[in-house]
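Please build the complete structure, drawing on both the sequences and the hints.
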Amino acid sequence: MFESGSPGRTGFFWPEEAGPTGLPQELLRDEIPGFPELGELEVLRHFTRLSHLNFGIESQFYPLGSCTMKYNPKVNEAVARLPGFSLIHPLAPPALLQGAFELLFGLETALAEIAGMDAVTLQPAAGAQGELAGLMLVRAYLSEKGNPRRKIIVPDTAHGTNPASSTLCGYDVVQIRSNDQGMVAPSAVAKVMDESVAALMLTNPNTLGIFEKNINAIADVVHSKGGLVYLDGANMNALMGIAKPGHMGVDVLHINLHKTCSTPHGGGGPGAGPVGVKNLLRDYLPVPRIMKSGNGYELREDFSKAIGRVRSFFGNFGVLVRAYAYIISLGSDGLAETSRMALLNANYIRRKLESVFQIAYPERCMHECVFTDRLQQKRHVSTLDIAKRLLDYGFHPPTIYFPLVVSGALMIEPTETESRETLDAFIDAMTSIAREAEENPDLLKTAPHSTPVRRLDEARAARKPVLRWEPKRD
Amino acid sequence: MEVPEGLKYSKEHEWVLVEGNVAIIGITEYAQQELGDIVYVELPEAGEKVVKDDAFGVVESVKAVSDVYAPVGGTVLEANDALPDSPETVNDDPYGDGWMIKLEMSDKDDLKDLMTAEEYAEYVAQQKGEDEDEDDGEEEEEEDEDEKK
Amino acid sequence: MRYTPHTPSDKAEMLREIGLSEVEQLFDHLPAALRDKAQIALPPGLSETAVKRRMAALAAKNGTAEDWSLFLGGGIYHHAIPSAVDAVISRSEFATSYTPYQPEVSQGTLQAMFEFQTLICQLTGMEVANAGLYDGASAAAEAVLMARRLQEGKHRVFVSRALHPQYRQVIATYVKNLVDVELVEVPFTGRGGIDPEFLARQVDERAMCVVLGYPNFFGVIEDLAPIRALCDRSGALLATVTTEPLSLALLKPPGESGADIAVGEGQSLGVPMALGGPGFGFFACQKRFVRSMPGRLAGQTVDSEERRGFVLTLATREQHIRREKATSNICTSQTLCVLASTVFMAMLGKSGMRRMAEVNARRAHRARERLVKEAGLAPVFSGPFFNEFVLKAKGLSRLQERFAAKKIVPGIPLAEFYPELQDCLLICVTEMNEEEEIEQLARTFGEG
Numbered sequence: 001m002f003e004s005g006s007p008g009r010t011g012f013f014w015p016e017e018a019g020p021t022g023l024p025q026e027l028l029r030d031e032i033p034g035f036p037e038l039g040e041l042e043v044l045r046h047f048t049r050l051s052h053l054n055f056g057i058e059s060q061f062y063p064l065g066s067c068t069m070k071y072n073p074k075v076n077e078a079v080a081r082l083p084g085f086s087l088i089h090p091l092a093p094p095a096l097l098q099g100a101f102e103l104l105f106g107l108e109t110a111l112a113e114i115a116g117m118d119a120v121t122l123q124p125a126a127g128a129q130g131e132l133a134g135l136m137l138v139r140a141y142l143s144e145k146g147n148p149r150r151k152i153i154v155p156d157t158a159h160g161t162n163p164a165s166s167t168l169c170g171y172d173v174v175q176i177r178s179n180d181q182g183m184v185a186p187s188a189v190a191k192v193m194d195e196s197v198a199a200l201m202l203t204n205p206n207t208l209g210i211f212e213k214n215i216n217a218i219a220d221v222v223h224s225k226g227g228l229v230y231l232d233g234a235n236m237n238a239l240m241g242i243a244k245p246g247h248m249g250v251d252v253l254h255i256n257l258h259k260t261c262s263t264p265h266g267g268g269g270p271g272a273g274p275v276g277v278k279n280l281l282r283d284y285l286p287v288p289r290i291m292k293s294g295n296g297y298e299l300r301e302d303f304s305k306a307i308g309r310v311r312s313f314f315g316n317f318g319v320l321v322r323a324y325a326y327i328i329s330l331g332s333d334g335l336a337e338t339s340r341m342a343l344l345n346a347n348y349i350r351r352k353l354e355s356v357f358q359i360a361y362p363e364r365c366m367h368e369c370v371f372t373d374r375l376q377q378k379r380h381v382s383t384l385d386i387a388k389r390l391l392d393y394g395f396h397p398p399t400i401y402f403p404l405v406v407s408g409a410l411m412i413e414p415t416e417t418e419s420r421e422t423l424d425a426f427i428d429a430m431t432s433i434a435r436e437a438e439e440n441p442d443l444l445k446t447a448p449h450s451t452p453v454r455r456l457d458e459a460r461a462a463r464k465p466v467l468r469w470e471p472k473r474d
Numbered sequence: 001m002e003v004p005e006g007l008k009y010s011k012e013h014e015w016v017l018v019e020g021n022v023a024i025i026g027i028t029e030y031a032q033q034e035l036g037d038i039v040y041v042e043l044p045e046a047g048e049k050v051v052k053d054d055a056f057g058v059v060e061s062v063k064a065v066s067d068v069y070a071p072v073g074g075t076v077l078e079a080n081d082a083l084p085d086s087p088e089t090v091n092d093d094p095y096g097d098g099w100m101i102k103l104e105m106s107d108k109d110d111l112k113d114l115m116t117a118e119e120y121a122e123y124v125a126q127q128k129g130e131d132e133d134e135d136d137g138e139e140e141e142e143e144d145e146d147e148k149k
Numbered sequence: 001m002r003y004t005p006h007t008p009s010d011k012a013e014m015l016r017e018i019g020l021s022e023v024e025q026l027f028d029h030l031p032a033a034l035r036d037k038a039q040i041a042l043p044p045g046l047s048e049t050a051v052k053r054r055m056a057a058l059a060a061k062n063g064t065a066e067d068w069s070l071f072l073g074g075g076i077y078h079h080a081i082p083s084a085v086d087a088v089i090s091r092s093e094f095a096t097s098y099t100p101y102q103p104e105v106s107q108g109t110l111q112a113m114f115e116f117q118t119l120i121c122q123l124t125g126m127e128v129a130n131a132g133l134y135d136g137a138s139a140a141a142e143a144v145l146m147a148r149r150l151q152e153g154k155h156r157v158f159v160s161r162a163l164h165p166q167y168r169q170v171i172a173t174y175v176k177n178l179v180d181v182e183l184v185e186v187p188f189t190g191r192g193g194i195d196p197e198f199l200a201r202q203v204d205e206r207a208m209c210v211v212l213g214y215p216n217f218f219g220v221i222e223d224l225a226p227i228r229a230l231c232d233r234s235g236a237l238l239a240t241v242t243t244e245p246l247s248l249a250l251l252k253p254p255g256e257s258g259a260d261i262a263v264g265e266g267q268s269l270g271v272p273m274a275l276g277g278p279g280f281g282f283f284a285c286q287k288r289f290v291r292s293m294p295g296r297l298a299g300q301t302v303d304s305e306e307r308r309g310f311v312l313t314l315a316t317r318e319q320h321i322r323r324e325k326a327t328s329n330i331c332t333s334q335t336l337c338v339l340a341s342t343v344f345m346a347m348l349g350k351s352g353m354r355r356m357a358e359v360n361a362r363r364a365h366r367a368r369e370r371l372v373k374e375a376g377l378a379p380v381f382s383g384p385f386f387n388e389f390v391l392k393a394k395g396l397s398r399l400q401e402r403f404a405a406k407k408i409v410p411g412i413p414l415a416e417f418y419p420e421l422q423d424c425l426l427i428c429v430t431e432m433n434e435e436e437e438i439e440q441l442a443r444t445f446g447e448g
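Residue numbers (the working numbering), protein chains in the order written: chain A, 1 to 474; chain B, 1 to 149; chain C, 1 to 448.
Since the hints were made in silico from the structure, they are not lab data. Heads up, some of the hints might be wrong.
Stated by the list, open to error - Restraint-style ranges between C-beta atoms, simulated for each label pair:
(1) C:E24 - A:Q181: 19 to 27 Å
(2) C:K392 - A:P24: 33 to 41 Å
(3) C:Q286 - A:P24: 47 to 55 Å
Claimed, not checked - Quick list of in silico lysine-lysine cross-link-like pairs, DSS-like style, CA-CA up to 30 Å:
(4) A:K74 - C:K52
(5) B:K49 - C:K325
(6) C:K11 - A:K213
(7) C:K37 - A:K225
(8) A:K292 - C:K52
(9) A:K145 - A:K305
(10) A:K213 - C:K37
(11) B:K102 - C:K37
(12) C:K252 - A:K472
(13) C:K52 - B:K102
Cβ atoms here follow ideal geometry from the backbone N, Cα and C, with glycine treated the same way.
Dropping the structure here:
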C-alpha cells in the first residue's frame, strides 16, 4: 500500500472549494509524509488480495475452543446498516433516539432473562471491559458496606483477562487449583476464602468445557464470608435454556455478545461485554441508564452510588443491534435449541476422537472438549505441530495450549451452526493427522505446507520489532 | 545438558560465579531451554541494590515471561549491556557471554543456600521427572495460544 | 431451526454415536434444580422478514443524519465514507475471521493492522502505534495507566477540564481504585484551552502526566509549546487526546509538538456514527515506551522460506501471557473498525485527507462567521478551532421547538456538562453540512 501508487493520486473526489480555511498558517502541518497515493481500484485490489490470505467462518470451519466461532447471520449485518441505526448521533436529543433506546432496553431485558439476572448494562465494549466493570461494582458494593477487601480468587483454568482485570481494579489475585476432575472444589475455595476476599471469579462451563456442578455450594462458601460471586460468561453458549447463572448463586456476570449472540469477531473486535447483576448491585451500574418514562425512554445519570462511566456514549451500539436481531430471530425456542446443538456437536466430536487423541478429563463435556498431545508426544509431535498441520487440511486449528493446566491442550468448540458432515470431515482430518504423526512426524513438524506463508519467525519479530512501514533507504 | 563445575546454583535456575566478594550471575542452560528463543532481557542498572530471592530482572521468550531471582543479595556493579541488543546470547552461551549481572555481595552467607553442580544436576533431573514421565525434556516451546474475549 | 442445520435423523444418529437416546441426556448431569427453572421467557423466533420489519420499525423511530441537519460533533462525527470501505469490511474473510493468533492464515488481517499502525504514526507524527483499543475514552485512560507504569513515584495526573467530559469520567472510573493516582482538574481560559498559568503553579516533580484534548472538547486547538516546556521542567509526560483525527491532516501533529503519548477516537476516519460505537481508540507514543504499551501490535518478520510476513508481537505485555502483571486487561483491537479506517485513509490518501480537512475547516469558519454576524450569536472562546466551535445563544432552551420543526439539531448544549456555560452550544460543521443547511441554521437563529 505504501510501495505503490503515484504522487497526487487519490481514491476520493471532492470538488475544490474556494476561500481560506480560516486557520493561521503556523498551526498547519506540511503534507502527511508517506501517506498512500492510490486510486479506488488499486485500494480495492490491495484489500481483496489481503482478504484472500485470511481464513474466515464462511470459508473454513473454526473449532476454536472458548471463542464460539459460530455463523454470523447476514440479516444482522443488513439491519445494522439501516440508516436509522448507523447514522444516528449519540448526543442528539433523546427524542431523536427513541428507537435506539427501545432496542437497548429490549436487549437488556432479554439478556437479563436469558441469564436469570435482575439488571443489565450494555456499556462495556468487550468481555474484558465487562469484567473490569463487574469487579468495580463488587468493589463499590463492598466499600459501601465498609471494606472493599483486598483479594479476588481465580481458578487456574481462568482466562488471562480475569487476573488482569482484578489487578486493574486494585485487587490481588489468589489462584486456586482445579481438582483432578477439572473442577473447582468447594473445599479449595473454603481454604482461601475469608473476610479479605472480595469475590471469586468462576467460568461456567469452565474453560475445560466442564460444568462446575458444585457452583451453588461454592457460592455458599463465598457468600458465607461476605464475598460475591463473579461469573465469566464467556461460555454462555452452553447454557441458554439449560441453566441460568442467576440460579447458581452468581451475583454479577458478563456475556460476550460476539460469542453467544453471533456478532462477527472481525479479526479481533469489535465485541461487546454486557454485565448482568442481581438486585444488590443494581444501584452501582454505570451511567447513563436507560429507563422507561411515560410513552418513551429517557437517560438517567442521577444514581449516586454508580461506578461512573466505563466507555463513552452507549457502548458498541452496532454490535448490540446485531445481537438484538439475533435474539429476536431465534426467540426462546431457538436460543434453547442453539445451546442443545452446541452440546450435541461437542459431544459428538469428543466421542469420535477419544480413541485417537487423549482426552484431558474424563468428565462429561458441555459445548467444548479438551484433548492433549500426550499420545503424539511419543513421536515428538506437539500440539503446535498438529495445529499447523490442520491448516493444510483447510481447517482452522482448535485453541491450543489453553487452559494452562492441560499440557499440550487442544480445545475444540464446534458450535451449533456446523453440520454433521463438516464435523465428520474435521474428525477425518484429525484422525489422518494422528496417523501421520505415527508414520511421518516430519510432515507435521514442518507444517503448514499449503498456506500463503509458512511458519513465521516470531522470535525475530520480537527481538528487533518492526512495527511500521518505513521507506527503503539506499 | 551442561552444568559446569565450580559454579553455584539456585532452585530458580540461576548460576553464580564467585570471585572474592563479587558474584557474577546468569541463568542456566536448563532455564534457557525451558524458555525457548529469548527475545528480551531487562536488567538493573549499576548501583542498584538487589535483595536475595527478589526478582532483579526479566527474561522473555515469544510466549513466556520469567522473572530472574537474585540467588545472593548485594549491589550491582555492572549489568551485561550487550544483552538488551542481542538477547539470543542467553540461549547461545548461558554460562559465558550470556551472563547478566555482577554484584558486590552484601552477605557471603547467602551462598550457603545454593547448590553445587552435582546437586543442581540432580535437582533438574528430578524436575524433569515431575514434568514429563517418558520424555527427555526436549520439548517444543509452549505456545500460549489462548484467550479470547 | 434457524442457524442449526441438524435434521431429526442427524440428531438421532449423532446421539446414537455418543451412546444416548435423547438430547436432554447431554445435560442431565447438571443439578435438576437448575435445569427445571431454565426456560427462557421470551417470544418465539421470527422469520427473517419479520425480523427486518421489527428492526426497521425501531430504526424509523430515530432521527438520522439523512433526514435531519445535524450540527453535532463532540467526539462523534458525520463524514463521507467511500463505498469501498463497506465493500472491504463486508468481506467475510475480514468480518468473520478470528484474532490473528494463527499468522499463517491471517496475513490479511495482520498486514492491514501493520498498515494501520503506520498510518496512525504518520498522521500523529509519533514513532509507534498499536493496532487499536476500545474507544477514545478508554485510550485516554490507558495513556494515564501507561504513564503510571513509566513514572514510578509520581502520582499527580493533570487532566484538562476542556477534555471531553465523558473521557474525563472514564479516566476517573479507571483510576478510581488505584491508590497511587491523584487526578487534578486543570481549568480552561477565555481562549478555550488549558490554563498554562495554573499548570505553571501546580506542575512539579510529583506530576506524572498532563492530559489534554487536541483539538479539545470545545474544538479549540491547544497551544502545546508552553505545556511541553512545563513537562520538560518537571519530568511529566504530555498526552494528547484527539477526538477528531481528520483535523490531523491539516494541523501540526502531536508528535511535532512534543507529545509523549498521542491517543484518540478513530470513528471519524471511515466508521459510521452508530450512536457512538463501535469505533476504535488509537494509541501512539515514543518508541522507547513500546514495551509498556497496552493492546495488540502487529510486527514484520519472515517465514521459514525468508518471505516477508506479519505476526502479533511483543505479546508478553498482554493479559493472556502476563495475566495479573499485564500492561492492560484488553483483549480486542476493534479490528474491523480499524480496517475500515485503514481503507478510508488509503482511499483518501495524502491529498484526499487534506482536501476533506480543508473543506471542514473552511465551512466551519464560514458558518461561525455567519452565525455571529447574521444571527447575532456571541463568541465564547477566542482560540483557533478546526471544525467545531462554541457560541452563546440567549434563551437556548426556548429555541428547541423552532429547530425541531425545521429538522435541525443546532449543536450540543454545553450546560449539561459545564454549568458555567449556560446557553452555550457546541456547533460542528463537516463536509456533510451543505451551504443551504448552514444558511437555514443562521436564519433560524436570526428569527428570534
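Evaluation of the provided hints:
1. The hint said 19 to 27 Å for the Cβ distance between E24 of chain C and Q181 of chain A, and at roughly 23 Å that hint holds.
2. In this structure, K392 of chain C and P24 of chain A break the distance hint of 33 to 41 Å, their C-beta atoms being roughly 24 Å apart.
3. Here the CB-CB span from Q286 of chain C to P24 of chain A is close to 28 Å, at odds with the stated 47 to 55 Å.
4. For the suggested pair K74 of chain A and K52 of chain C, the alpha carbons sit about 11 Å apart, so the restraint of at most 30 Å is met.
5. Of the pairs offered as hints, the one joining K49 of chain B and K325 of chain C holds, with about 23 Å between alpha carbons and a cut-off of 30 Å not exceeded.
6. Simply put, K11 of chain C and K213 of chain A have alpha-carbon atoms about 26 Å apart, close enough for the 30 Å limit, and the pair holds.
7. The straight-line distance between the Cα atoms of K37 of chain C and K225 of chain A is roughly 27 Å, inside the 30 Å bound, and the hint therefore holds.
8. At most 30 Å may separate the alpha-carbon atoms for a hinted pair to count; K292 of chain A and K52 of chain C meet this at roughly 24 Å.
9. About 12 Å separates the Cα atoms of K145 of chain A and K305 of chain A, which keeps this hinted pair within 30 Å; it holds.
10. Simply put, K213 of chain A and K37 of chain C have alpha-carbon atoms about 16 Å apart, close enough for the 30 Å limit, and the pair holds.
11. For the given pair, K102 of chain B sits about 66 Å from K37 of chain C by alpha-carbon distance, which is inconsistent with the 30 Å threshold.
12. The hinted pair formed by K252 of chain C and K472 of chain A meets the criterion: a straight-line CA distance of about 25 Å does not exceed 30 Å.
13. Taken as a hint, the K52 of chain C and K102 of chain B pair is broken in the structure, with Cα atoms around 71 Å apart against an allowance of 30 Å.
Checked against the numbered hints above, the structure breaks hints 2, 3, 11, 13 and satisfies the rest.
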